Amino acid sequence: MNFSIYDFTSFNQWIDQFLRAHMPGFWAVAIEMTIIGLAILLFYALVGLFLVYAERKVCAFMQNRVGPNRVGPYGFFQTIADFVKLMLKELIHIKNADQLLFNLAPFIIIIASFMAIAAIPFAKGLHAIDFDIGILYVIAVSSLGVVGILLAGWSSNNKYSLIGAMRSGAQIISYELSVGLSLVTIVILAGTMQFSQIVEGQANGWFIFKGHIPAFIAFIIFLISSTAETNRGPFDLAEAESELTAGFHTEYSGIKFAFFFLAEYMNMFIVASIAATVFLGGWMPFHMGGWAGFNHIMDFIPPFVWYIGKTFFVIWIMMWFKWTFPRLRIDQLLTLEWKYLLPINLVNILIMAFVVLMGWHF
Amino acid sequence: MKEVINLPVKNIEEEEYHINMGPQHPSTHGVLRLVVSLQGEIVKNLKPHCGYIHRGIEKMCEKDTYPQIIHLTDRMDYLSAHINNHAVCLLVEKALEVDVPERVKYIRTIVDELNRIASHQLWWCSFGMDMGGLTCYFYGLRDREHILDIFEESFGSRLLHSYYTPGGLMMDIHPNFQKSVKDFIKYFRRKIKDYDDILTGNIIMQERTKGIGILSKEDAISYGVTGPSGRASGFACDVRKHHPYGVYDKADFQEILGTEGDTFTRYMMRMHEMRESMKIIEQLIDNIPAGDYSAKMKAVIKLPAGEYYQRVEASRGELGVYCISDGNKTPYRMKFRSPNFSNLSALDHMSRGVKIADLVAIGGSLDYVIPDIDR
Amino acid sequence: MDNTALKERILALVPDAEFQENKQFLTFIIPPAKMHDLAVTLKTDAALAFDYLFCLSGVDMVKFLEVVYHLESTAHGHQLVLKTRTADRDNAALDTVCDLWRTAEFHEREVYDLMGIRFTNHPDLRRLFLEEGWIGHPLRKDYKDEVNIVEL
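Protein chains in written order, with the working numbering: chain Y, 1 to 362; chain G, 1 to 375; chain W, 1 to 152.
Hints were generated in silico from the structure; no laboratory data involved. For clarity, every value in this text was computed on a predicted model and none was experimentally measured. Ideal Cβ placement from N, Cα and C applies to all residues, glycine included. Treat the hints with caution; some may be incorrect.
[Stated by the list, open to error] So the derived list for chain G, only partly shown, Cβ under 7 angstroms to chain W, looks like this:
#	residue
1	PHE184
2	ILE221
3	HIS243
4	SER342
In isolation and in its complexed conformation, chain Y is listed as follows:
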């Protein structure tokens, strides 16, 4: 990067040094953690609200409708109004539900998605924590969500919820494999699991272009399986509206329902940002080999904008196929994973390893 103004590393270091100069080390760390926590919380809420609005507008566009257009300009504040409504709604008390697990489930789901967001690099130097096993961490944390879904389905004491939760369990555990293996394909190419290193490695070309066909196959598989992992259409079997009314969150109301709702959108955001980071170069601008002037202009666009743009592009693709495809059946869903995606994925890893070994990539 030629433009160090977009580099957040020195800014972070300055805050750290400032805090450490004025107070003991423990308090400095505590304050830093609080600031980061609040910043992520704010970001989380804003992105959640915006995604709900975006989904409504995208689906309205697909369906010859206008979408929300009453609250604020172009209905922009519609989701805020909805959020206020959900906050004020009565929390319905389910008589024979397991109260502890029933109340715990939404928090587990939201914590799982909250933890995953910590490892994602938004720009150079702008991430909460840069693990050297970043990808492993994200895969591990994002699979925690299924515990919440299973608990929600089990504790609601409702057969529809239970069927939804069981479906979701089978689905997420199966598709976790494909998500992991498609990321492993890129890890082989990048030679690291650290997100910052992966992004740096794409300075002279995104991995989707650098890794030839295996990287492209891995991207497609990641897109399919991550959609399935976030329980979104056409893989929304866990909440299959026309079959199971609302699946695992049938019995939830008010703010607890809002948590599930928000977590679904945030999971979509997380998988989209991983796809953007790992395959599409993260916050790296788009460069064309030999076009110096073009590349120079691209560099002027801040990395954060690049990152958000790529993420929303992936989200838009996911919304696109949610609103055009009918839903799969549970056995077809598992057949797709175990009989098609998984073998393709394994072969793909071999090919990628061979390509890297021979040095055929760019």
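Got chain Y sorted already, so can you dock chains G and W onto it with the hints?
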């Protein structure tokens, strides 16, 4: 020593449990309740419980005059209201041996077919929704709106028209009627291709419906499954062909029969039927003869004592009206043989051994309208 | 088979069947004891082959209760109407035909519910529309419901 408690060993794999689908459920299309016995996700059997909107229309008919009964029939299968009206009108005309003007017959046939298309459009969009493709819903409703606009222009109402009266029509058609119908046919011939693009050709949809919910021809006849659902099994049951009324004998159209009897064939039958209906309308719309829009009828209609039966092809199957008259202005007994009622009885047979998701798809392909079942 | 041949055939099968004038359909009144046997012959005989029961209605004629079967043969296209009667209003019972025509299962439940005719050998004879424990059968002419039915 510890005491060993012998609990009966239950094989959890083989244990059944029941879920109540409905009366409030998104895929029962109304207040139908299905008690489904499940083993895991597989449907073992199901018991339909009807009657949540039983209004006793047959009992009400015994107190009402024949023109009043027409208004009740609208409320049975509200999606093919015109066709239901037609059945009662034909029955009264047959009993009184009234000669209905040709113009009336033409208009009734055209309006019936328009009604059939509108009904199948709504079926298509709700079937898409049952399959999880929510976008279909808006495509179907968008096109149905055009037909409802034509209805509104000519008859002043959009859903429950009561446009036919014994002996003719309530009023003449709007001067724009022919033009708007022709415009609609032109428009819909283009738009029905969208239907195929978005749902028929979709691989997920085909995988989910082919070979699911098979009903053999013998079973279809035995269960009295009529309409597109019956014809998908190869049961030639089109009343328009076999017992023509209106001017169906003058129109050239095909009774398309399927062979598979599965959910996909039932789907395709309705798609074909929309095209056939357009064909019928195209043949008739330019040839509506001039004349009266109603025959001369007495102010008080009294049917001669006796029994009458009239069959018509409603959009979901054969609608039969059985009337016993004792010579009064109200019928002694009126019975409606509603298509959905018989179609529903086959649901248990068709859905044994399928998954819940398939049950929803089968239900969608049968296209039941609950007020017609309960009456 | 045309109507005259059909008429002779039915009368040969059930000599005490009573022929009823009707402009539309060939109509017979069959004694209840012989109804089921006749139905089996109608369904299975290749020349008759009445495989489609398109309507089954219960009628209250005050003096007796009546069940009307509208039959059609999908192979030959001929139609037939059969009626059976029972004068016993309190314990009206007739033989079921739902072993022959499966559609009769629901139609007979409806007749039982609204007209109060029991069908012997029916596999699942419960009320269909009204709730269990409803008193009376609404389609009967002597049914009184002062709350829901307004007499004019």
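Going through the earlier hints one by one, which of them does the structure break, listed in rising order? The structure conflicts with hints 1 and 3, although it agrees with all the remaining ones.
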